[in-house]
Amino acid sequence: MSKANKTGLIFFPAFDWAISPSHPEREERLLYTRDQIFEEGILDDPGIVEFKPRLAEAEDVERVHFCVPNVNSQTTDAHLIAAGSALKLGDALLNREIKNGFALVRPPGHHAMRVVHGNRGFCNINNEAILVEYLRFKYGIRRVAIVDTDVHHGDGTQDIFYHDPDVLVISMHQDGRTLYPGSGFVEEAGGPGAFLKTINIPLPPGTSDEGFLEAWRRVVRPALAAFNPELVINSAGQDNHFTDPLANMKVTAAGYGKLTEELNPDLAVLEGGYAVETALPYVNLAILLALAGKDYSHVIEPQKRGIVLRQSDEVDRAIKRVIGYWEEKLGREPPGKDELFAGKGLFSRSRGIYYDTDQIYEQQRESVEYCPDCPGIYQVESRAKKGWGESSWVWCISVPLYACQACQEKAYKYWELETTSKKDAASRPDWIYLQDKKGNRYLKERG
Amino acid sequence: MEIGIDVGGTFTDGVLMNGGRVAKWEKAETGDDVASSVRRVLEMLLAGIDPLAINRVVLSTTLITNLIAQGKTDPAGLILLPGPGVNPQDLPFAAPAEVIAGAVDYRGRIIEPVDPAEVSAALSRFLDRGISRIAVACKFSQRNPALEEEVIRLIGDEHPRVRTLASSKVSGLLNWVRRANGAVFSLQVADEYSLFVRQVSESLDRLGLKCQVCVLKADGGTVSLQQSIHQPLEGIFSGPAASALGALAAGGEGLTAVMMDTGGTTTDLALLLDGRPLFSEKGAVLSGYPICVRSMAVASLALGGDSAIIVENGKVALGERHGKAMCLGGPRLTVTDALVFLGASELSGRERIIPALEEMSRSVGLEPRVLAEKSVTIFLESLEKKLEEMFAVWEEEPAYRVWQVLSGHKERPRTIVCLGGPAKGIGMLWGRKKGWKVLVPRHAQTANAVGAALAKTTLRLDFFADTQQMVYSTNLGGLHGALEDPLPNLEAAKRFAETLFRQAAGKSDPDNVHSETLYEEGFNIIRGWETMGRIYQIGLQTPPGLRAFLEEEVGSGE
Chain A
1 MSKANKTGLI FFPAFDWAIS PSHPEREERL LYTRDQIFEE GILDDPGIVE
51 FKPRLAEAED VERVHFCVPN VNSQTTDAHL IAAGSALKLG DALLNREIKN
101 GFALVRPPGH HAMRVVHGNR GFCNINNEAI LVEYLRFKYG IRRVAIVDTD
151 VHHGDGTQDI FYHDPDVLVI SMHQDGRTLY PGSGFVEEAG GPGAFLKTIN
201 IPLPPGTSDE GFLEAWRRVV RPALAAFNPE LVINSAGQDN HFTDPLANMK
251 VTAAGYGKLT EELNPDLAVL EGGYAVETAL PYVNLAILLA LAGKDYSHVI
301 EPQKRGIVLR QSDEVDRAIK RVIGYWEEKL GREPPGKDEL FAGKGLFSRS
351 RGIYYDTDQI YEQQRESVEY CPDCPGIYQV ESRAKKGWGE SSWVWCISVP
401 LYACQACQEK AYKYWELETT SKKDAASRPD WIYLQDKKGN RYLKERG
Chain B
448 MEIGIDVGGT FTDGVLMNGG RVAKWEKAET GDDVASSVRR VLEMLLAGID
498 PLAINRVVLS TTLITNLIAQ GKTDPAGLIL LPGPGVNPQD LPFAAPAEVI
548 AGAVDYRGRI IEPVDPAEVS AALSRFLDRG ISRIAVACKF SQRNPALEEE
598 VIRLIGDEHP RVRTLASSKV SGLLNWVRRA NGAVFSLQVA DEYSLFVRQV
648 SESLDRLGLK CQVCVLKADG GTVSLQQSIH QPLEGIFSGP AASALGALAA
698 GGEGLTAVMM DTGGTTTDLA LLLDGRPLFS EKGAVLSGYP ICVRSMAVAS
748 LALGGDSAII VENGKVALGE RHGKAMCLGG PRLTVTDALV FLGASELSGR
798 ERIIPALEEM SRSVGLEPRV LAEKSVTIFL ESLEKKLEEM FAVWEEEPAY
848 RVWQVLSGHK ERPRTIVCLG GPAKGIGMLW GRKKGWKVLV PRHAQTANAV
898 GAALAKTTLR LDFFADTQQM VYSTNLGGLH GALEDPLPNL EAAKRFAETL
948 FRQAAGKSDP DNVHSETLYE EGFNIIRGWE TMGRIYQIGL QTPPGLRAFL
998 EEEVGSGE
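The listed protein sequences correspond, in order, to chains A and B.
By our numbering, the letter at position 254 of the first sequence is numbered 254, and the numbering carries on one by one without gaps.
In our numbering, each residue's number is its place in the second sequence (first place is 1) plus 447.
These are computed hints drawn from the structure, not numbers from a lab.
Please note: incorrect hints may appear among the correct ones.
[Claimed, not checked] Derived pair list, reagent style SDA-like, types lysine to any residue, alpha-carbon separation capped at 25 Å: (1) B:K903 x B:A500; (2) B:K729 x A:A4; (3) B:K729 x A:T76; (4) A:K52 x B:G986.
Note that the structure is a prediction, hence the values are computed from the model and not measured.
Please build the complete structure, drawing on both the sequences and the hints.
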């Protein structure tokens, strides 16, 4: 078979969609990016092929999320098109029509977690996670790595794959003590069955190209090499840029270009980035050129002239510390699953989740069962209160894609028990869901 | 009455139209001197006709394409002001280029000044190489042409005799490579083209024609012959547009069909959708270089009526043209001969084919009929594949808005319109196989000339305004300026654009002031939480179409 040598592009700026008129996630966001990329004439290059966006199906979303109460109520057409665009490029990649691809789409998705009660961090559904589960289900792929280079911690992606040993989630971001969503610390390193398959690299405010690339080269690259994934996906947020209004980093378009060139992802999906004029036209162009194997060294932001973007010594030391932490941690044999479960049949934790955009506070209790043969059944009970209004309570059961048959069968028994419960209405959740990734089935029922 | 003339590679066809009726048609061989071919056809058409009864002449020519293909062009150079972005060396510019400082950003703001010393140095390097025609292209010059104009002024001050052209004068659309190449080709053919226009004008004068004379454009509209001197590329690739208009004239308003134009060596496929041809999404390509001309999406297949039937490794295949069809006295068996043998062509000469066909049949161990059918099947399968590719491109056109994605499903045509000599036979067989309707215009041979004669004069306006900076720009020869009205909403912006459109239309054609909206977009510029202004982009054009439809209808199958 001839090897594809084209870079696929889906540009979906959603020029007719906004969260609200003056929200950062508004119609204007990719306007200047459109102007720059079209004006360059680069889309006439035979090495770049544009595809038409398409809608993702509810089934694609349900393979990843528990949308409360359903997919329809949590998504608009724009969300389904952004996710569908990633799927379309995924198909083109796996069918060898393209060598790599860039879903330059909005709205973004990396803050959307498994359970979705509303919009958090401008995200409702997780485009990359939907892509990964679609490709794994459809093409029988197993090991995938997601590298999130958005300035904000990719907490949604982390949550979705936290217990999946076959998906390596790496996020490089501005330290959670200084920025939304306030997470992404080194201690969050995966559940007992997927330990060190979540790697967080919090970087101090003021990190420049130098520190950004050093963290990639010394932590991310060796971790990827060790994991040896079949596919690498880049959550290509662009808000590490020195002009981004919502964050405090000093990365340039050239830095993003270099990272993209070295990371060489199979698919890149746009995430955040809200310097609509000063960053996005240049960073998007640099990423596209780097993916297409072209020279991006001329993509120099006008704002960069005459200013120094060096990181301070203090920042430098902080970066070296986190790199040192990971070099040490990843250089050792990690404890095994049996050791981490410590003889218990169940790992569970409780936590609160904050939805900034939709002003929701969610409380979760999640659990993963120990199974010697597979990642084990995952369950989560979630209650959410929206503002001062309605609250909802859901119970979700998930069968992993590579579950053993015994666990799969057991999950359906749990479903049976929950849905036929004789408890009085007040003691039953509003909705009960069963997501069977292995069997590609999704069941939902009122409690 | 109207005259339409189509200058093709081999023949120049002309028709005299009386409303929707073809009153007369004439044909002459196209010689090296295109202007005299045009004159000969005009003379024949006008024999016995009062020239004052003619109110319009429209020309469709391949002159520019031929000049460029034959290298009969004057050398031109390119001065580039790229600013930040793609390395200009990676872009397909059609002329030797000098890169200088100076940059404009996406909102038309100057972000780097021009350095006059660099302009001077670039200029002398071009002059040293014997290049005295220079196109100037600055990224985003359609948003602000100031830097291009400055470079041109600097060149003029230093060397008044150097011919220059700014890319913003050529097109108002995004894509500086296409604008730059458009300016380069315009300069390269300018002298030859002016000569052609002068010669044609002289012929018209001698023949007593005082009417409006136009050139057909690639988008099916027309531009006046005089105006085309300044925009010679406007008339390029008008052949497919002429065919499309000819097909529409025969097929009636709102025709949705696949247009098949089969010649001796090639077959062109194009799509007509609800009375309008489908355009290539990005623009035309000339000699391998992308240019800023909107042209129809045409898929070409290297097979035609004269494609030879050959035997390759014991298998039937189609090969190159070696001359006319055998039934017409040609040297080899061709696709046309297969059609004649199968009774799918009106041509005679079946007896001339039989010995050769029988001999070839024996060599591959097939019945003569099976061999003929097989060769036609190969042709039809190639057509089918090409058509599928074409549909795929059409259906995969990018969409940038939610509604565009949702309005997804596109209805495919189920009609074939056949133009050109061998098209009818092939088209009938293809249509039968697909269960599609087949239209064969009565004037299939002269469809192009008919199409040219019935084309409308058109105007297109691409309007951009930025109310934070209070500036606007257009594609109309680089017309731009300061806004007086803050254009508070899209309706106000449209009204302003329509005024500009009417002013421009009034100059060229007073009855041509109606416009339709090609696209319209208004964006709020939000900084912090405040609306600082708005950006509008509006495209207006005269609704394309025909001045009349043909009265005597078509021959048709199924």
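Violated hints, by number in ascending order, as checked against the structure: The structure conflicts with hint 3 only, although it agrees with all the remaining ones.
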